[in-house]
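Engineer: Each chain, written out:
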Amino acid sequence: MKALFTKAVAVMIVVFARAVTAVRAIWPESGPPQRQCIYFANHSSHGDFILIWSVLPPWMRVRTRPVAGADYWLKSKLNRFIGCDVFDAVLIERDREKRAQDPIEVMSGVLDTGASLILFPEGTRNETEARLLPFRSGLYNLAKARPGIDLVPVWIDNLNRVMPKGEIVPIPLICTVTFGEALTLQPEEARETFLLRATDALLALAPKHAGDGQ
Amino acid sequence: MSAAGSDLLLLLFGVGGVLVLASSIGFVLKQRLSPDGSNVVIENLNARINAWWIMVALIGVAFLAGRIGVVVLFGFCSFAALREFVTLTNTRRADHWALACAFFIVLPLQYYLIATEWYGLYSIFIPVYAFLFMPIMAVFRGDTERFLVRIAEVQWALMICVFCASHVPALLSLDIPGYEDRNVLLIAFLVIVVQLSDVLQYVWGKLFGKTKIAPRLSPSKTVEGFVGGVASATLIGASLWWITPFSALQAGLLAFTIAIMGFFGGLVMSAIKRDRGVKDWGHLIGGHGGLIDRLDSVVFSAPIFFHIVRYGWSLT
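Top line first, the protein sequences correspond to chains S and F. To convert, count from 1 in the first sequence and add 103; that's the working numbering. To convert, count from 1 in the second sequence and add 75; that's the working numbering.
If we strip away everything but chain F, and leave its shape as in the complex, we get (with noise of 0.2 Å):
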């Protein structure tokens, strides 16, 4: 087996370890303080370790299954993504062409862009090219009321959910010496730190949070939470410099800048929710709401951390 194979099997076989510790714990918190499923606490944090075993299961096939895995997984990731985010716009009838565009024409072009490492085409398409012909689209049908807010709620969808998000497959295409074909371990150290980075925003706060940090935004985040959070982030982040091709205090600096966009973009993603009079973006993933609720902080650091890597370590 190649190196970045056995890597690979490492990290997941390390993230199972981390699974199995997290569901004794739920397991144990459970026998001791809601054995009849009554304390709300215990059941969401079990209801989540459930659910990240079924997201790590379905990012580990993809890993494995390769490029094509990998493009086809975020490509769902986006469909249901933009789906939930286009729910809460304020669209009318005059927007269906449009949005049919989005769904079938611009999210899959994207992802074969991405696929085809045609890097000069997807990076401008949708803040170009979609952002102009999208509203040329929407005005065919004459139209004008609400016209600014609805063209801006769908570029916008579009950027968040699909331009930013696939950013995370972009990252194979890069082509770093010295680190060929370990280009997926990239994906695994963003997305590990970037998640790691909310559950342990979400158990330092838990277990120290006094001061919240954005009652108006998020009533559960707390400074004790995100600097606990952030910092444990950076840690695991130069821990993992083995997997990528950075010495340990630029995968350091490189998970902490990973975190804390990850923390603003929760921030703006949940300003969303409250506008919109939701607590959460949809029901896909039990425990913790919808894919976006868990794929925010994704994409808000994915395309920072792909054009630093690109920028320094990249030949293309």
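Chain S on its own, in the form it takes in the complex (with noise of 0.2 Å):
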């Protein structure tokens, strides 16, 4: 019963987010992965992982986790409610002090179980002007955790105009999903190294419109 409500939640939730954004989304040429991957993409608003998953074909979306912040998605009864159930998100605690158990070592174990993840690699929402925030090290180390799985980047164009910090009306507007070709942690690979490249995956598949005033 409550799996069956759950459910009906989640087409609810994607169903607002298609009728707000008309999201589509933009494939590389080799199409969507076919295999278990990490999608890391941009950070502007609660909403972006809803909109990766309302995009991604039914069977990849039943086994695809979003890893999210444990002090947001714990806050409110409701929170926990969408966070948890319906979305089943791999809650991290971010502050150090709290944290009884490795975030990577948490990740890990979900990866082992056959699902993909959703990572911001931001770690937390871009609230400022610039395109990324730097990277933290989570990406990273996961990819070095488990380095057979492919690292796929996304960027999330425009949901930030739709629903700035702080407003509670979302403006209709339309935003893009644009996934990049994998990328995957070569052997020896330094950590600045590969945070700079996964940096620049990420932003190459940024949309340089007119719209955002430049």
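Worth flagging that the hints you see were computed from the coordinates, not collected in a lab. Treat the hints with care, as some may be off.
[As the list claims (entries may be wrong)] In the BS3-like style, the derived pairs of lysine-lysine whose C-alpha atoms are separated by at most 30 Å in a straight line are: (1) K354(F) to K311(S); (2) K348(F) to K311(S); (3) K105(S) to K178(S); (4) K105(F) to K285(F); (5) K180(S) to K105(S); (6) K285(F) to K348(F).
[Stated by the list, open to error] Counterexamples of contact, computed for chain S against chain F with all Cβ distances above 10 Å: (7) D188; (8) E270; (9) L276; (10) E291.
Note that CB positions come from ideal geometry on N, CA and C, so glycine has one too.
Reassemble the complex: the two chains are provided individually, in unrelated frames, and hints are given to aid placement.
Structural biologist: Encoded structure:
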């Protein structure tokens, strides 16, 4: 009964996201990824993973779990319901002091079940004018812990204009989710080199549109 | 069934027949020239024809549902068009309330006024009230960067996507003696003429086009396409006089006006696309691009057609 209810809520959230943003996926030439992977995306809104989730083909959607901050998604009953029950998020405690478990171990454990992950390597929402914040080391550490897995860059465009921080009413604007070709961690690749390469791969997907006032 | 109903059905069957013909031609062309789907022009042509089937079906259902159906359909068209338009503007965070207001108050209110036939208010609501109050909402946030550009863009978006587009369902409120309950056919006349004008300009252009008419704005438009398209749309408009309150000559002249306005509307909207660096307004309609790509000629012709008919034929 509860499973049916959460499924209905998930469908409603996806329908709502699509109605507001008319979101459209842009796939690389090789098409949607066919294997288990880690999607890493730019992060500017709590709705980011919902948008990625909405454009994934349904068979991929059911085995893809977002990685999210425990502080936000455990804040209220509603947040907990949407985060844990509906989207089955892998919750990470961001405060080092409160951590009971190493986040990399948690995420690796989830990867070992065969699930794909949605990860925001900036670690927090980008509220600056810069296109990306510097990546934290999480993506590198995870890639090192599970080196065989594809890392797929995903650029979410325009969602920050739909719902800027602090606003409660979303503005209907067209969003796109652009997927890039997968990368993998090279053997012996240094942390800095890898994170720079991943950042560049993600930035390369950002459209240069007139709408951002530049 | 009423006379209007049977005329409408006849018209829908006629349009259906044209689409069957178009789909057949598209199928033969595909078999001959692009069996493996590699000819881009043929594939795009077939995508466009398929999209036409869906658009005609939607309009047909709305017409048969009557006033509410038409108002709701064009309300949703305005919503999708406004979304495409605002996506390409320079709005900033400080415009958030103003934009929310445009989408969730101005747009529904305008269509509510259309549905209740309050001509005195719906014809000035956006040009006067939204024009003054939207910048007031934006100014509260105190962000002056590109202020004039931002408020001008939002006002323009509302005028084109909501105000002008709402003049299509507004045709239902005209009160023409001897034409009671048939106003929906005026919308059919407008939409058929303006869309056929676009399609025929494309067809004439593809067949005979040599001289570019506006190379910097729209490289695909040609003089041959323009002349052939407008002339044939005028003739088709004249031959549709039986669904209108006009004589054949009047119907032809109105069709000519509609086609010309539609052509220039397409050019203006093309200029905006060029400026914004995009090829299409969006991806809503397969093969055509965004909704505005299909609606641009309608929004430019609808208010003019509305006012000519209102002045010349309507009692209200």
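Engineer: Is the claim that E291(S) lies outside the interface with chain F correct, judged by CB distances over 10 Å?
Structural biologist: Answer for E291(S): holds, closest chain F Cβ roughly 42 Å.
Engineer: Going straight from one Cα to the other, do K180(S) and K105(S) come out at no more than 30 Å?
Structural biologist: With a Cα-Cα distance of about 15 Å, the restraint between K180(S) and K105(S) holds, given a limit of 30 Å.
Engineer: Can you confirm whether the C-alpha distance between K105(F) and K285(F) stays at or below 30 Å?
Structural biologist: Roughly 24 Å separates the two Cα atoms, so the pair holds.
Engineer: CA of K354(F) to CA of K311(S), is that 30 Å or under?
Structural biologist: holds (14 Å)
Engineer: Taking 30 Å as the top limit, are the C-alpha atoms of K105(S) and K178(S) close enough?
Structural biologist: Roughly 21 Å separates the two Cα atoms, so the pair holds.
Engineer: Straight-line Cα separation of K348(F) and K311(S) no greater than 30 Å?
Structural biologist: holds (15 Å)
Engineer: Should the label of E270(S) as a non-interface residue stand, given a Cβ cut-off of 10 Å to chain F?
Structural biologist: violated (5 Å)
Engineer: Just checking, L276(S) versus chain F, shortest CB gap more than 10 Å?
Structural biologist: violated (5 Å)
Engineer: Just checking, D188(S) versus chain F, shortest CB gap more than 10 Å?
Structural biologist: holds (30 Å)
Engineer: Is K285(F) close enough to K348(F), meaning Cα to Cα at most 30 Å?
Structural biologist: holds (24 Å)
In terms of the numbered hints stated before, the structure departs from hints 8, 9, listed from lowest to highest.
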